[in-house]
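Can you build the whole structure from these sequences, using the hints too?
Next come the chains, spelled out residue by residue.
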Amino acid sequence: MLDSATLNTLAIRPPGVVMDLERLGSLTASRLSFSRSLLRQMARQRWQIQRERFELDEDGFGQTIYRLQTPNGRYHVVIFSHPLSDDQRSDRVTAEAWDLTFGLVEGDVEEALMCSLAENLPLQEAGRQNPQLLVISRANKSTRNFDAFVTALSRGQQPSIDDLKSSGYLYRTTAVYGNGKFGIKDYSRLRDNPDFRQPFAAQMIAVYVLRQFSIDQLEHIAARRAPGTAVPLSNAIQRYVGIGNSTGLGMAPFLINHPLLINQWIYCREQALALAKANLPDESARDRLVALCERAQQYYLESQVEDKDQAERNSTLLEELAHVTAWLQQMPAESTLWYQLTEWGEAALSLETQELLNSLLLEIYPESVDPLEDEMSVEEVQDLIPDMPLIQLKQIIETQFDWALSQDLTDPDERYWFWYRSIEKEEPRLGVRGVDQGEEKEIALAIGPRVQQVYLLLESYLEANPTGVAVDFLLEHSRVVDVVRRIQSMSNTAYGEIRGNLWHRELRPMHLLRTKLSFLGAGRFDPRGDRWVRVTFFQGAPSIAELNAEPADLSGFDDWSFALAPHQT
Amino acid sequence: MMVSYNELQALSRKAFLGIGFSEAQADDAADMVCWMESHELNGLVELNQALQRILAEDNRDKSPELLYQDADLAIIDGHDMSVLQCSHLPLELAFAKARARGLGVLKIRHCRQRQLIMGYLARLASRGMNITALWRHAQTPLTEQVVGFRANSTVPSIRIYTLEEIPDENKLNTGITVIMANHVDLLPTMRSDYSYDLLARHEESELLEVEVRRRASGDGFDVPSSLWDQLKTLAQRTFVESFEGSQLGAGPLD
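So the protein lines, in turn, are chains A and B.
For the first sequence, the positions run 253 to 821 when the numbering used here is used.
For the second sequence, the positions run 198 to 451 when the numbering used here is used.
These aren't lab readings, by the way, just hints derived from the structure by calculation.
Given the structure is predicted, the values throughout are model-derived calculations rather than measurements.
Watch out, some of these pointers could steer you wrong.
Mimicking PhoX-like on lysine-lysine, the simulated pairs with C-alpha atoms at most 25 Å apart in a straight line are [stated by the list, open to error]:
1. LYS304(B) x LYS368(B)
2. LYS259(B) x LYS693(A)
3. LYS417(A) x LYS677(A)
4. LYS693(A) x LYS429(B)
5. LYS693(A) x LYS677(A)
6. LYS429(B) x LYS677(A)
7. LYS560(A) x LYS693(A)
Written out as structure tokens, the structure reads:
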């Protein structure tokens with residue numbers, strides 16, 4: 253972490269700009285995203301992944317195990333693929349069966365454990381999972397892509413990759429659980445394990461291995477269908493296959509309930525951006541940025557998105573990227589080039605293009621950016637400061653939560669939605685206040701209105717008790733202890749609070765989902781309505797064979813963002 | 198059934214919310230139970246007792262009452278509530294007094310499941326406070342428990358003992374006395390002219406070993422099914438039944 257003197261000399265963006273919900277909803281994956289940093293770590297540390305068991309029938313159903321050997325331990329990804337009728341295949345949270353279920357196991361998989369996994373993993377939430385598991389998940393086929401690929405390979409041909417441009421995967425996961433859920437191992441067990449020091453590293457590893465399974469299973473079915481004729485998938489297309497993910501409102505509370513962690517993620521990204529911009533540009537760095545812009549342009553040109561709004565945003569981005577490339581090619585590589593670029597961007601470009609450019613700037617200075625990947629975790633403790641003078645508490649609210657105080661909660665549009673947990677798998681949902689049932693069970697996700705409530709109570713209390721401290725106030729207003737604790741804990745941070753009203757009629761929950769997905773490393777952002785999105789992970793990433801080959805050129809191995817479709821003859 | 202730390206914490210929290218605890222009360226109560234159980238100090242047994250009592254009495258409108266305070270001392274009436282409900286803010290009050298004055302004394306009268314208070318004391322100790330708490334389990338034989346946390350330590354020293362001589366004044370005492378000192382260790386050391394019989398003794402090193410072993414193994418907790426089911430039933434009070442509109446958030450229509 254940088255010291256404050258260094259930070260002051262860097263042009264680090266203020267939280268009022270960065271934490272705007274629409275801007276957060278425009279973030280794209282970057283080299284600090286967890287899928288990227290995980291693969292760098294795996295290559296650097298020479299992880300090896302081998303297929304240990306592959307017992308599939310001719311339709312690809314059965315059991316598969318992959319072994320992961322790291323410098324610190326051994327793990328296994330266990331996959332069960334099941335027959336599933338088309339009418340059972342659902343991405344909804346209420347689904348109870350999937351094309352495959354899988355888990356990441358710490359240590360070896362003895363037969364007794366395998367029996368327990370076979371019994372419980374396919375049940376997912378309804379099962380009682382083994383504590384040797386670090387992650388459990390499930391996935392459904394993209395039947396169109398999968399069937400077309402099997403057909404082509406079994407005819408001895410490479411499949412057309414046109415369909416991968418809209419959905420870049422053969423399988424999509426619908427939930428990836430870690431951290432003690434349903435009986436699996438607690439996160440605390442991973443905290444001291446150097447293999448998993450990045451947030452969500454265990455989940456990302458499981459998904460990365462599943463990508464290999466999707467290809468192995470595909471080739472197996474094709475080979476069994478047409479022995480002697482079937483061909484393996486070309487290396488270029490293998491790289492272009494990612495793993496999909498279907499995500500809904502269930503992801504939203506994480507952003508609100510982990511403000512210290514979110515602060516850390518965004519703080520690291522903002523530091524990285526400030527450090528990158530502080531580098532003196534030269535011709536080679538400018539050429540590299542131009543090349544990255546052109547690659548991104550081609551990527552968006554090839555992307556086919558169903559959502560009208562997102563398609564429009566992508567179209568604007570494409571148009572603007574052409575201007576950016578032209579601008580870069582005309583400007584001399586003088587010392588202030590990166591500052592000029594971002595200042596011009598803020599004035600002239602859409603949020604989507606601005607944040608894409610920021611992600612690309614991080615790419616050209618890995619030596620400035622990559623050390624920050626070790627800073628992405630944080631101990632999340634919110635303690636009360638009982639002796640904080642109330643006048644100080646009030647001042648913190650006025651200076652750091654001014655965005656919350658500015659919300660006019662008497663306006664019906666500002667209090668339109670309420671959040672609740674449905675009895676269906678405890679998923680968070682949105683209800684219309686005064687219309688939908690469940691308002692009395694509202695969950696406290698909208699922080700702004702609660703801060704405003706504390707402020708009003710505080711103003712009144714201070715009139716009678718001008719020298720009071722926090723605990724005096726809380727003994728009278730004990731139901732707001734959690735908010736006061738949060739305000740105090742966040743007072744030393746800049747980026748933990750998302751500056752938007754989660755009750756507002758115009759709220760777009762999609763922005764919340766995209767914020768987290770960008771840090772995970774998701775690409776091909778394709779919303780389905782405002783509360784559900786499909787994305788792709790690891791598209792363009794090196795294969796397991798490339799990892800096992802212990803690449804000498806680590807920077808080349810790492811250069812896989814904005815995957816482009818391979819050329820086909 | 199075996200459950201993970203996170204599961205126990207999350208479900209207990211939801212169950213406490215279902216009972217009517219505030220957000221912070223529910224967070225703290227779940228942490229207190231988990232801290233006790235993860236140090237093999239019968240957190241689940243205490244939780245079970247607390248739940249039966251809380252459910253048998255309607256405490257929703259009760260809150261701990263500040264009877265007296267000056268710069269060094271606070272006296273609270275817990276109104277017979279569990280320490281899960283009535284201790285966290287009074288303890289924060291004592292913490293503030295100790296920080297200001299070097300020493301703070303808190304008396305909580307009339308409270309239940311006092312063992313669980315150790316879960317919150319551990320949190321205060323980790324914030325740099327030396328703490329001793331003392332309470333009486335029974336009057337005949339007279340049984341006392343004293344718990345001491347060193348500042349910044351995550352585990353206490355615990356002594357439980359019976360006294361052979363019973364003083365004349367021996368009324369039922371369901372209170373707890375907590376002393377916090379900013380700068381001085383307050384660990385319990387048994388020195389008495391009275392005869393006593395030491396029933397239990399937990400050293401810091403022993404509890405630390407438990408903590409380290411549990412963290413290394415990642416083993417979960419063996420929770421009785423009946424308790425788990427009760428927690429689930431209570432948690433369900435916070436969920437909303439499915440209705441047509443709620444399906445909008447459940448994912449794409451198939």
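Now for the hints, and whether the structure bears them out:
no.: 1; hint: LYS304(B) x LYS368(B); verdict: 16 Å, holds
no.: 2; hint: LYS259(B) x LYS693(A); verdict: 21 Å, holds
no.: 3; hint: LYS417(A) x LYS677(A); verdict: 33 Å, violated
no.: 4; hint: LYS693(A) x LYS429(B); verdict: 16 Å, holds
no.: 5; hint: LYS693(A) x LYS677(A); verdict: 16 Å, holds
no.: 6; hint: LYS429(B) x LYS677(A); verdict: 12 Å, holds
no.: 7; hint: LYS560(A) x LYS693(A); verdict: 34 Å, violated
Violated hints, listed in ascending order, are 3 and 7; each of the other numbered hints is respected by the structure.
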